[in-house]
Structures are given as structure tokens and as C-alpha cells.
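K.L.:
Go by the hints and put chain B onto chain A.
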Amino acid sequence: MATTRTALSRAALALYAVTAVTAAAAASSAFFLWARGASAGLAVAAALPPSLLLGIIALASRFLSNALPLRSASRSSIAIGHAGSAAAASGLWVLTWKSWVPALNQQFATHLAPDYSLLFGLGVVLYLAAVAVHYLVLEIEALREAEDEVLRYRVLAREAELRAFKAQVDPHFLFNSLNAVASMCGSRPLEAREMAQRLADFFRLILRLGALERITLAEEIDLVQRYLAIEQVRFGERLTTHISVDEAAARCMVPPLLLQPLVENAVRHGVASMVEGGTIDITATLEDHMLRIVIDNPADPDRADARGEGIGIENARGRLSAVSEGRAMLQAAEAEGQFRVVIELPR
Amino acid sequence: MIRTVIVDDELPARELLREFLSADEDCEIVAECANGFEAVKAVAQHDPDLLLLDIQMPKLDGFEVLELLDRSPIVVFVTAHDEHALRAFEVHALDYLLKPLSQERFQQVMERVKRAAGHHDRTSVSGLATTLRAKPLQRIVVRGEDGAIQVVPVSRLDYIEAADDAILLATSGTKLRKQQPLSEIATQLDPDRFVRIHRAYVVNIERIEKIELYAKDSRVAILRDGTRLPVSRSGYQRLKELL
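Read top to bottom, the protein sequences are chains A and B.
All residue numbers in the first sequence are consecutive under my numbering, ending with 347.
All residue numbers in the second sequence are consecutive under my numbering, ending with 243.
Chain B extracted, bound-state conformation:
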């Protein structure tokens, strides 16, 4: 049995997938979701074999949903945008379906899904999904310890701090923890707005109030809210180049 979760924000689109799937005796729908939040929850809850995933949805798009999954089902994107469909393979989606859906193509894809289901590795692909997000990153998705999902637009970031193998996203006084190396996110952010000023800090340059000499060869960046961040010598070079 292929246990399937359908994700699409439009009811008629979900209905069509449901109709196609009901014709397939090997498939069972375990959840239907109308947005990305529900999708993340449903995958955690049901651990499905197959995720039929729309890309353009409110709050979380399909790529962001993948980034937040702990366990990875087989993913097939369902979209009207063929430019997104091409990116599907980069995040190791098995295949994609273009709207309006063709039943013949749907059946072909389901055959592929069944062949792949036997030897599919369910460990998370979220790392890959993260690396392959569109650049520069416009927003960062974070799942808290309680499972609550937060979407942080990069314009709201003050700075990012490395904390062991995770990062802390600082936004107006609060810090959100995300499991991701600082070096990875540093390369995904807009290089004209975010600078790595230190081994452990990436700063939003719009938040910098001034740079002060602290001791010989060591400087501190003082942010608008008074936060003081260390600036290494190479970090200072990068800042100077940008400003």
C-alpha cells in the first residue's frame, strides 16, 4: 500500500488528485492538506510513503515544506509552473506533474513511485532541500522544539550567531534556534546585505550603527539596538569592501 498525503491549497486540485488516486488500488490517502503547515504536521504524524506537493501555497511553499521534514517520503511536485518543476529534481523529488493534470502522465508517475517505494531511503533530505533553496534566501523557516513553525523574512534579521552545530537567528531581541551550520546559511544570504564579520557572526549591515576600535587590531560592531558583536580582521576587510 502506498500511503499518500495530498497537499494543495485549492480544493478542486485536491479533488482531482483524490479521484486519480482512488482509481489506483495500491494507494491510500492518509491526509489532505490545504497549506504547508498542515503538510509538515501530517508528514510527522503519518510518516507517509508519498507526498503529492503543490509548490505555490500561502505561508510555506513546497520547497520550504521539504526543508522542515524530519522524515522524507517520496516527493512528487504538482504545479502549474514548469520553471519550478525543473527545480524539483534538485531537491531529489522523484518527479513532477504539471497542471492541468493528465491522467496518463499521472499513471506513469505512479508506476515510478511504486518501483521506487521498495528501496526508498526515508532519512531526511531536508539538508539537501536547504542547500538548494532559491538564492538569495528571502525567508528562513524554523521549527521550534514544540514543533511550531516560524517563517522569518531575512529583512527582519539583525544578525545570526553560531552556536555549536546550530545557528541563532536574532530578530529584535528574540533568538530562534535552527539546526544548520553558519557557513551554509552565510552563502545563501544576499551578499550585499549580510556580511560574515566574525567566525561566529553574520550581520545585517542595515543594522550596524558604527564600528569601534576595541583594542589593537580588534573591533566591535555596535548595532542600532546597542548589541555589540566582535569583528575579526578578515571580517573588517569584508565590511570595508561592502561599505
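Isolated chain A, as found in the complex:
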């Protein structure tokens, strides 16, 4: 829809451009002839065909303007390119005059020959004016595209937020944790009480952080640690964690609940798939204004159903791209029984 509209408006614009340049060329050259004594009818008849040719050539200069964009091409190549083509176009327009006028009226050609150097100058000026208009149109289009892009990112961000909100925490995590609480009630009531408290704190934190636009990485890591402490009770010795975050990295701002679903994946599809369990390794560093977060965990390459994790990673990627307007990167790779997610987020 949008593309057809652009194409239509481009065609209309082209028509206007040809008409405008043709009219301007015809009017001014006819005026010159009339001023030298030609009759008005003859002047207009003589001026129209070469002017139409100039109009079409001026329209074609759009392609040259496209090839020499203002933002990226060097100034000298723009200047040389357009000066050369202006001279060529104007030369062609004068040549058309020279061959057209005698064909129209022999007597007119000998006595009232137009001032060809004046016509040449006129051709150059009109051609360059057309080039200027092309550049203006190109700039307006670029501006509109940039606005569309921003809008697209905003919609993406909104969608990703909604999805993230729905997928915040796997409800089975809650069911399994409550089962652990129930289990401890009999033999270890104090631990059961503590576990209930941890669960409540974790969900409170999810609600609080989830409502914010951005949080520090330190806050996100705190959330992740609380989550892992609860899973630790269920998995016991099967789950070990190692977290190392640079001081500078800890102060970086990140979208809330960015890491939590990824760490949840690392437990659910990673450590939980291993009979012996394993270590979840999280490191965050800040180098050259680039925040780099790596989550490493073992995973059984033969585990059934690997679909859930794909969704979690897609969600995280969508949110990252939305908040960074496409500048951040998230890579997930699996090799030799190790699953690794790498996030790079420019500061």
C-alpha cells in the first residue's frame, strides 16, 4: 500500500518536473526570440520542441542525483558530475535549436537567428534548478523513511513488551517451587518459611521492575540471583552458578527482565536436561562503550522439545532491537553440549 502510494506520487512528481522545466524553457526562449522581432506565434512554435527535450533530460538527471547522494558522495564528484551533465544537456538543447529552427523557417533562421550562447546559459541554469529540486525530493523522502523507521521500532517495542509480559515467568516454575515448599513443611519448616518468603520477594520484584522503562544491570542481576536461589532449592547440587559483572557494566541501563527469561531457559532447557546438572555462567563486561553479556550453560544436544527456548530468545532479541533501535545484537549458539547466548548492547 505504502509503496504504491510512493510510486504514484513519484510519477506525478516526474510529470510536474517535466512540465515545469519545459514551460520555463519555452517561455524564456520564446521571449528572447520575440524580443529580437519574431512574431509571438513563431517564437512559441520554435521554442516548444527543444524545451520539451530539455524537460525530459532534466527529469533524467534524477538518476544522476540518486547516484551522487548529498550525504555520502564527495563534494568534488557531485560538482563535476552535475557540471558535466549540465553542459552536455545544454549542448544538446542548443544543437536541437540549431537543427530545428532552419527546418521551421529558413528566412527566420538567417535574419532572426537566436543568441545561442544565451540559450546555452539558460539550459545550464534550468538543468541545475532541476537537479536542486531532485535533491530536495530525495531529502524529503529520506526524512519520511527515517520517521517510518522510528515508528516501526516503536511498534516493535510495544509488541515485544506485551509478549515479554506474558512470558515473564513460566507458571510451572511456580508449581514446582510450591511443591518444594510443601515438601519442606513437614521436615524443615524453617526452610519452608524462607522459601515461601523468597518466592514472594521474587514475584514482587518482577512486578516492580517490569513496570519500569530501564533498570541498571545490577538490578537485573539481583533479580536473576533471586530466581537462581529458588531453583537451587529444587535442583540441589545439580545446579551451580557463577556470576561475574564488571563495576562499570553493573551501572549500565538495560530493559527490565531482559536476562531473567534467558536464565530461566538456561535452567529449564539446559541444566535440567542434564542428569549430572551443570554450571550456569553469567559474565558482563563494558568495553569501548559496548555492554557485553554472556550466558553459558550445558545442554543435552538430544533433549526433546527445543521449541520453547527459541521463543524466549526471539522475544529477548525483539526487545533488544526495539530499545536500541536495531543497534544491539543477540546471538544464541550451541556446540559440544554447551549453549551460549551473547548480548551486545551499545551504551
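Keep in mind the hints are simulated off the structure, nothing from the lab.
Cβ atoms here follow ideal geometry from the backbone N, Cα and C, with glycine treated the same way.
Do not rely on the hints blindly, as some may be mistaken.
[Unchecked claim] Some chain A residues judged to face chain B by a derived CB distance under 7 Å, without partners named: (1) N176; (2) L178; (3) N179; (4) A180; (5) A182; (6) G186; (7) R234; (8) G236; (9) S273; (10) M274; (11) V275; (12) D302; (13) A304.
[Unchecked claim] In silico negatives: residues of chain B with every beta carbon more than 12 Å from chain A: (14) R3; (15) C27; (16) L168; (17) S183; (18) P191; (19) L213; (20) K216; (21) G226.
P.N.:
Chain B in isolation, oriented as in the chain A frame:
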């Protein structure tokens, strides 16, 4: 006495089942298992009356455990996933328990178990468990003659060959034998990836290098590793439809 095996990969979950069971004088725990491998071994060793079986476990899930059992105890699934619990009845599990466990519900289920224990048929239900596995199959479990269990993801299969009433699973040069008709597994595999090219062969189409005319109306499929498999006329039709 109801001789019981508990299977769950989480210690607190096993502890809770143990606590509930210890309150029941008619029950005795003969083994506690933390994964599917241990469960298969424990059932073979103890031939229990009751199996309390978690579903989501490393390596072998609960359904795969059932498929590998020679003798079938009464099965009660214990899971946090109610969508799995519904499938429990399809594999003739007696009942299911949802986590977190309720003691009242546990007692009700145990009453059912005791009523059923008298006339329970212990012959294997593995055939049924196999037919009712989630489709398309993502991995195939095989128990070797020595009792060792192997899990083969279907993506690693080159082809499957019929051998009497069993099948041979060919994966990069080695062949694993499994007691199952070819016609049965053929219907469980992803039809976009596996084609029955012959009465005795199902092939992973990603492994096919080319098809050659061998004689009039008879063709051979040549796999990437050079293996040549016969292609019947109807098998060729099926291949053509897919490619």
C-alpha cells in the same frame, strides 16, 4: 503390600512423595530414582506394583520410560504440567497427581491404586506407550541386548530397515536394533522428512544424494555416505510428491 518406585529428578519432590507414602502402612518404597535411566533399571530389578513417575526429566522423559519397560507396574504420573497429565490416560496410566501435591488427592489416588492392584495385568504396556507417543517423534529410545539404553534423535537417523518383526536404525554407519514393526514407526515420523521408499525401508530425505534408474521400473536411492537402498515404484511416487 504395595511395592513402590518413586521417580523424580528433584529431591524435594521425592521427599514429599516419601513423606506421604510413609503415612500409608500398606506401602513400601523399594527404590527412589532421580532420572529415567535409573527408573528403567529399578523396575527391571524390583518388579514393583506401583510407579510414581515424573514426566519432565533429563535424558528420558516419563513416556519414554514407559516405552522401555518390559513389565508394567501400575503407573501414576506426578507432574506440574496438566497438559501432560491428560495424556497420561492414553498410555493407560491409572491416574495423575499435579504439583504442588495435595495430600487428600494423594490418598484418593492411593485408594484407587489398592483397588486396582488385585487385578492388574503386569504384561508390558510398552507397545501402547509407543503408539501413543507425541507425534511427530523427536527421538527414539532403544534398549540394547545388554540392557543399555540409547536415545537417538530422529535428526541423526539415516534410514530405518525392516528386519523380521524388528527394525534397524541406521545412524552414521552403526545399526541399532529395536523391537517394533516398521509400519508403526513409519507413521510416527515427520512425513516431511521421512519417506517409506520400499516395503523394507524408510529413509531420511536429507540424506539422499541422488536417485538412479537401476533397471526398467526399478530405482536405487544413493545416500550421502554411498549406501544404496532399493526404491519401489510406489516409494518413488511418494518421493516425487515430497521433492
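K.L.:
Could you run down the list of hints and mark each one as holding or not?
P.N.:
Now the hints, each set against the structure:
1. Evaluation of the A/N176 hint against chain B yields a held restraint, the C-beta minimum of about 5 Å falling below 7 Å.
2. The restraint placing A/L178 at the interface with chain B holds, with a minimum CB-CB distance near 4 Å, inside the 7 Å limit.
3. With 7 Å as the threshold, the beta carbon of A/N179 comes within range of chain B, its nearest partner Cβ sitting at about 4 Å, so the hint holds.
4. Restraint check, A/A180 versus chain B: the minimum CB separation of about 4 Å is within 7 Å; hint holds.
5. Hint on A/A182 holds. Least Cβ distance to chain B is approximately 5 Å, under the 7 Å limit.
6. Here the hint on A/G186 is kept, as its CB sits about 5 Å from the closest CB of chain B, short of 7 Å.
7. Hint status for A/R234 relative to chain B: holds, with the closest Cβ pair at about 5 Å, below 7 Å.
8. A distance limit of 7 Å between C-beta atoms decides the matter here; for A/G236 the minimum to chain B is near 5 Å, and the interface restraint holds.
9. Annotation: A/S273 was flagged as interfacial toward chain B, and the flag holds, the nearest CB pair being 5 Å apart, inside 7 Å.
10. Interface hint at A/M274: satisfied, since its Cβ lies 6 Å from the closest Cβ of chain B, which is below the 7 Å cut-off.
11. A distance limit of 7 Å between C-beta atoms decides the matter here; for A/V275 the minimum to chain B is near 5 Å, and the interface restraint holds.
12. A distance limit of 7 Å between C-beta atoms decides the matter here; for A/D302 the minimum to chain B is near 5 Å, and the interface restraint holds.
13. Satisfaction of the interface hint for A/A304 is found here, the shortest Cβ-Cβ separation to chain B being roughly 5 Å, below the 7 Å cut-off.
14. At roughly 23 Å, the least C-beta separation between B/R3 and chain A is larger than 12 Å, which holds for a residue marked as non-interface.
15. At the 12 Å boundary, the C-beta of B/C27 stays outside the reach of chain A, the nearest C-beta of that chain being 17 Å off.
16. Consistency note on B/L168: stated as away from chain A, and its beta-carbon is indeed over 12 Å from all of that chain's, at 20 Å minimum.
17. Listed as a non-interface residue, B/S183 keeps its Cβ farther than 12 Å from every Cβ of chain A; the least gap is roughly 24 Å.
18. At roughly 19 Å from the closest C-beta of chain A, the C-beta of B/P191 stays outside 12 Å, upholding its exclusion from the interface.
19. Taking the minimum C-beta to C-beta distance to chain A, about 38 Å, the non-interface status of B/L213 holds against the 12 Å cut.
20. Against chain A, the non-interface label of B/K216 holds: every CB pair exceeds 12 Å, the least being about 43 Å.
21. Distance to chain A confirms B/G226 as a non-interface residue, since its nearest Cβ pair spans about 26 Å, more than 12 Å.
When each numbered hint is compared with the structure, no violation occurs for any of them.
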